[in-house]
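Engineer: Sequence:
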Amino acid sequence: MLITENMRISEVVEQYPQTVAIFRDHGMGCLGCAAARFENIGQGAAAHGIDITTLINALNKAIENNTSD
Numbered sequence: 001m002l003i004t005e006n007m008r009i010s011e012v013v014e015q016y017p018q019t020v021a022i023f024r025d026h027g028m029g030c031l032g033c034a035a036a037r038f039e040n041i042g043q044g045a046a047a048h049g050i051d052i053t054t055l056i057n058a059l060n061k062a063i064e065n066n067t068s069d
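Using the UniProt record's numbering, read the sequence shown as starting at 1 and increasing by one per residue.
The reader is advised that the hints may include incorrect statements.
As the list claims (entries may be wrong) - Heads up, simulated SDA-like pairs for lysine to any residue below, C-alpha to C-alpha not over 25 Å straight-line:
{"#": "1", "residue 1": "Lys61", "residue 2": "Gln18"}
{"#": "2", "residue 1": "Lys61", "residue 2": "Pro17"}
{"#": "3", "residue 1": "Lys61", "residue 2": "Asp25"}
{"#": "4", "residue 1": "Lys61", "residue 2": "Val20"}
These are calculated hints, taken from the structure and not from any lab test.
It should be emphasised that the depicted structure is a prediction, and the values quoted were computed from it without experimental measurement.
Please model the entire structure based on the sequences and the hints provided.
Structural biologist: This is how it looks when you write it as structure tokens:
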């Protein structure tokens, strides 16, 4: 499964814990905040002024090893 900008931040972090570092590296460090539970990645990226394409590419690269089983 590929990560998309429409997925909830909390959903991605729960399913792929290795993405926490990617979110933080891109300026989304408050993964435990209330907004992370209902915001999707696109909304969070927009709120923080983060390029969504770069973030999504990095997140998918981080989970690459888990999806090739």
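Engineer: Each hint needs a verdict: does it hold in this structure or not?
Structural biologist: How the hints compare with the structure:
no.: 1; hint: Lys61 - Gln18; in the structure: 10 Å, holds
no.: 2; hint: Lys61 - Pro17; in the structure: 13 Å, holds
no.: 3; hint: Lys61 - Asp25; in the structure: 14 Å, holds
no.: 4; hint: Lys61 - Val20; in the structure: 13 Å, holds
Checked against the numbered hints given earlier, the structure satisfies every one of them.
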